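Chains A and B are the protein sequences, given in the same order. Numbers 642 to 905, taken from the numbering used here, label the letters of the first sequence in order. Numbers 10 to 278, taken from the numbering used here, label the letters of the second sequence in order.
These are calculated hints, taken from the structure and not from any lab test. Careful: at least some of the hints might be erroneous.
As the list claims (entries may be wrong) - Have a look at the derived ranges for each label pair, beta carbon to beta carbon:
#: 1; chain 1: A; residue 1: E885; chain 2: B; residue 2: G96; range: 32 to 38 Å
#: 2; chain 1: A; residue 1: S810; chain 2: B; residue 2: G40; range: 42 to 48 Å
#: 3; chain 1: B; residue 1: T197; chain 2: A; residue 2: I878; range: 57 to 63 Å
#: 4; chain 1: A; residue 1: R808; chain 2: B; residue 2: H34; range: 47 to 53 Å
#: 5; chain 1: B; residue 1: P114; chain 2: A; residue 2: R808; range: 50 to 56 Å
#: 6; chain 1: A; residue 1: V749; chain 2: B; residue 2: K133; range: 42 to 48 Å
#: 7; chain 1: B; residue 1: G132; chain 2: A; residue 2: S810; range: 36 to 42 Å
#: 8; chain 1: B; residue 1: H30; chain 2: A; residue 2: A720; range: 57 to 63 Å
#: 9; chain 1: A; residue 1: L739; chain 2: B; residue 2: S130; range: 30 to 36 Å
#: 10; chain 1: A; residue 1: W713; chain 2: B; residue 2: G132; range: 45 to 51 Å
It should be emphasised that the depicted structure is a prediction, and the values quoted were computed from it without experimental measurement. From the three backbone atoms N, C-alpha and C, an ideal C-beta is built for every residue, glycine too.
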Amino acid sequence: MRAPTEAPKKTAGSASLALRRSALLVLLIAAWWAASLFSPPYVLPSPVRVMQRLVTLAESGDLFYNLFTTLWRVLAGFAVAVAIGVPGGILLGSNRTLGAFFEPVLPVMNTVSSAIWAIFAIIWFGLSPLTPIFVVLMTALPLIITNVWQGTQAVNADFVELAQTLRFSRLKTLVKIYVPSILPYFFSGARLAFGFGWRVSLVAETLGASSGVGYRLRQASDLIQTDQVFAWTIAQIAMMVVIEMGLLAPLERHLFRWRRDVRT
Amino acid sequence: MTQTAPHAPPSDPRQALAFRHVSKHFLRGDGSSLEVLRDVGFDVPAGSVVSILGPSGSGKSTLLNMAAGLLLPDDGRVLVLGHETSGTVDWSRLGYMFQDDRLLPWRTAVDNVGLALETGSMGKRERRERAQAQLAVVGLGEFGSSYPHQLSGGMRSRVALARSLVTEPDILLMDEPFSRLDAQTRTTMHTELLRIHRERGMSIVFVTHDVEEAVILADRIVMFSPRPGRVHTELSVDLAHPRLGTPEALTLVAELRAAIAGMSADWVI
Ligand SMILES: Nc1ncnc2c1ncn2[C@@H]1O[C@H](COP(=O)(O)OP(=O)(O)OP(=O)(O)O)[C@@H](O)[C@H]1O
Ligand SMILES: [Mg+2]
Numbered sequence: 642m643r644a645p646t647e648a649p650k651k652t653a654g655s656a657s658l659a660l661r662r663s664a665l666l667v668l669l670i671a672a673w674w675a676a677s678l679f680s681p682p683y684v685l686p687s688p689v690r691v692m693q694r695l696v697t698l699a700e701s702g703d704l705f706y707n708l709f710t711t712l713w714r715v716l717a718g719f720a721v722a723v724a725i726g727v728p729g730g731i732l733l734g735s736n737r738t739l740g741a742f743f744e745p746v747l748p749v750m751n752t753v754s755s756a757i758w759a760i761f762a763i764i765w766f767g768l769s770p771l772t773p774i775f776v777v778l779m780t781a782l783p784l785i786i787t788n789v790w791q792g793t794q795a796v797n798a799d800f801v802e803l804a805q806t807l808r809f810s811r812l813k814t815l816v817k818i819y820v821p822s823i824l825p826y827f828f829s830g831a832r833l834a835f836g837f838g839w840r841v842s843l844v845a846e847t848l849g850a851s852s853g854v855g856y857r858l859r860q861a862s863d864l865i866q867t868d869q870v871f872a873w874t875i876a877q878i879a880m881m882v883v884i885e886m887g888l889l890a891p892l893e894r895h896l897f898r899w900r901r902d903v904r905t
Numbered sequence: 010m011t012q013t014a015p016h017a018p019p020s021d022p023r024q025a026l027a028f029r030h031v032s033k034h035f036l037r038g039d040g041s042s043l044e045v046l047r048d049v050g051f052d053v054p055a056g057s058v059v060s061i062l063g064p065s066g067s068g069k070s071t072l073l074n075m076a077a078g079l080l081l082p083d084d085g086r087v088l089v090l091g092h093e094t095s096g097t098v099d100w101s102r103l104g105y106m107f108q109d110d111r112l113l114p115w116r117t118a119v120d121n122v123g124l125a126l127e128t129g130s131m132g133k134r135e136r137r138e139r140a141q142a143q144l145a146v147v148g149l150g151e152f153g154s155s156y157p158h159q160l161s162g163g164m165r166s167r168v169a170l171a172r173s174l175v176t177e178p179d180i181l182l183m184d185e186p187f188s189r190l191d192a193q194t195r196t197t198m199h200t201e202l203l204r205i206h207r208e209r210g211m212s213i214v215f216v217t218h219d220v221e222e223a224v225i226l227a228d229r230i231v232m233f234s235p236r237p238g239r240v241h242t243e244l245s246v247d248l249a250h251p252r253l254g255t256p257e258a259l260t261l262v263a264e265l266r267a268a269i270a271g272m273s274a275d276w277v278i
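Just chain B, same shape as in the assembly (with noise of 0.2 Å):
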């Protein structure tokens, strides 16, 4: 296992993030110890859509709350921005769409993005006027004063989506974030989450389930095994976008069920 020397290597400035031998075990109700993730490592290269694929148990979301600084790992490191996140991490350049939108109910959907300003010392003209500017760029620019259950599933992951954007964040996490939409709207978010990324550069990590929905966003694709997480196969997609429907896309997407299916029937989808 590596251990954090004061002489580490000065990390590399163009990885957003870095995993490097990270372990991680639970402690279980009974006193029994789980272990989650075993020796992870990988990269998430600044600007890139970095998409985890693995099932479920595999510790995904363990790994982004490790990301994001809410959990340490046992053991090896986690870098973001080239800190790590034991240390000072400036966490304003992170944005984190968890699996379940948690809007706060007793907030509109505009105060609900501009929750995530509320850290700083800005002040709430501004704060209004930019959470609503990323409603609009996520579509639902007339719908700042609803309040979460007035809204529909679809509208509710926009309304989160634009809190973790609104920071105007250089890393995203996203866990699962389209997994309770239909087909459709989840297309349609695919496309203005490619869009969205086209402008504004930020690195993804957009952790899924869905070979499909990993093969249509990202350029990097690393595949989980089931529990305890390790790396089971890192591979780059370097297809033009649109990806939905073409040849290409449903060819890498079968050889990936295959792979999948070789690999373990644990695999739960």
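Pulled out of the complex, with its shape left as it was, chain A reads as follows (with noise of 0.2 Å):
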């Protein structure tokens, strides 16, 4: 018997998904030129003028500053989410009366907008980062929770019965079986949290803090400089996108590097 080959080469597919990206890329940034050569610059800048924009705040250290502190804000929110959520899906999921008694929960905190939970976040922390990170926990919470619920659920009893006849301690069976059974779905509500969490920041930002990017958005459009406000937008973009495939999706391809592939 000999050990199966690697898995065949993917360069030349990622190869050609990168040309269609780029393609894609300079067909918007075109259009958006196009658009803008018939408009005036506070309905629609140039792309040229909006770059102009974007290295005059990176160079005064403004735009830095303030995409960091509202991922801070964001970590901080995802922090607390995933630090109460994890432990109450595992409990929610373990228990079926506490399962039953609090299902209803979480839909109606899902229900509740994000614009609501700020306005409370104003009335009890006021101006202050508090109030970003109070959005965003509340809406990555029911997120983080309903999943690693859901994931508890999926434990493979076999499993659970396969860790009994080796004798492992509760707390063998909880790392080696439940951990790694609840890991991908835990993975997703984070993924889906960290997104919400993100964009909500920025409406907290806007309505209740005095620095960060939803801050300093707000500021611009009420300054109507709308280059700002399109050289900020795409900042975020840009940073959402680098924590999605620099950071989440290798980390995802690796910790469950065990899946079958069924993407074709």
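Hints are included, so try docking the two chains, each in its own frame, into the full complex.
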């Protein structure tokens, strides 16, 4: 018998994908530029103008300061959501009575708009970093709890029985059977929560903060600095793409490399 | 029914496993009770291969689960190496190969085998080495880093076999371990299993539907009747190995098949 050969090389496929993506980007920018020729800069600034604005924002340090301020708030709210949501989801999943009791809370929490959370946060915390953090937390928490809860339901009872025959302690069973079984669910919930969290943090910052990307967007729009609005928008999209493609996607590929690839 | 008395006679240490008047019911979803095993009693002498042959639903898996201490009998006693399963048993001396392979999909073959060693305090390095060596014993030395979904059914069975062997158990419980393999792979697995048994001398309880498989492997065959499972016949098989295709084995298979046909029309093979 021979060891299985390496998975087929995918470089050719990914090269053509990169080409198609670049083509799409060029096309969009061209369309934007063409449209900007027919409109005043305060309605639609040209790509060149926005680029220039981005450069000045970056040079002054303003760009990265505010991007990282927002990122830090998202991460803080997200971290608290994970710290509460993971044990909470496991608890609800492992206790039927508790789960049935709390079940209606999650969909209700999901229907509450992030603007409402932001208003509550302003009432409670005022213009402070706690406001966006709170909004991110309240948005991320139900997503993480729901997914972890679902994950506990998906744990294979046969694997638990296997752990029993091996006389694993409860802790060992938790670590070696439950955690790896729940991890894919947690991960997809966390990814969703992070993306939502980022978006709602901007909403919260426009309403109740004195720094961060959301605050600067609001400021720029109040002063009708449309080129700045575009610059901040592009910067925050770029940041999310980098985090998504540079961190989360490779992490997911590594963590779940044991999965059979179902994509074609 | 036998009650466990405090002055129960010391059990025979030559028996790896002993079932004494074992009965078991299950509660069904609708609240009614299902009698699965009725007054089952037989021994598994140390070092022997005992095959439990019985129709589907006759409680064979239930019996193994009792031997592994996952279930307790309603009545009667189950003794593992002379100790009652409700008391203290050195479970590390028992290996269990389930009816399905139960490989953890997120672990490579070698880490699946190593799982069985993670009960104790053995270091990671030694666990890996032993797991790798055990994989080699079952002919999968080169596939240690493969994930279960990358392996064929036969290879997955071998990994599961390696996992149940890696602790070097004195008793190996096997629940229709090869029932999903093709005939050729199954024959290979029989040869391997008998070789490992010769080398290590553990006791094996081998559950099967298949008369021929029982005849090829077993020193003793315990035939169950349809549910509720009872011991219908017990017989010794005193034939030299290898038995596949020998006239004596073929005769015995034919005899057993006839006996089964006479016993019940319910026997599902
Ligand atoms: N936990 C359980 N709860 C209720 N009924 C059960 C349970 N486990 C098994 N049974 C029932 O007990 C009967 C015997 O099951 P068991 O799995 O022991 O049979 P088996 O002899 O191993 O059959 P097969 O050859 O098909 O594997 C079956 O009718 C099954 O439905
Ligand atoms: Mg069974």
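Here's how the hints hold up against the structure:
Distance hint for A/E885 and B/G96: a CB-CB separation of about 56 Å, inconsistent with the stated range 32 to 38 Å. In this structure the supplied range 42 to 48 Å is violated for A/S810 paired with B/G40, their Cβ-Cβ distance being about 34 Å. In this structure the supplied range 57 to 63 Å holds for B/T197 paired with A/I878, their Cβ-Cβ distance being about 58 Å. For the pair A/R808 and B/H34, the beta carbons lie near 26 Å from each other, so the given range of 47 to 53 Å is not met.
The supplied range of 50 to 56 Å is broken by B/P114 and A/R808, whose beta-carbon atoms lie about 22 Å from each other. Look at A/V749 against B/K133: about 46 Å separates their beta carbons, and that is inside 42 to 48 Å. Between B/G132 and A/S810, the C-beta spacing of about 18 Å breaks the proposed range 36 to 42 Å. At roughly 59 Å, the beta-carbon separation of B/H30 and A/A720 lies within the given 57 to 63 Å, and the hint holds.
Checked against the hint of 30 to 36 Å, the pair A/L739 and B/S130 passes, with Cβ atoms roughly 35 Å apart. For the hinted restraint 45 to 51 Å between A/W713 and B/G132, the CB-CB distance of approximately 40 Å leaves it violated.
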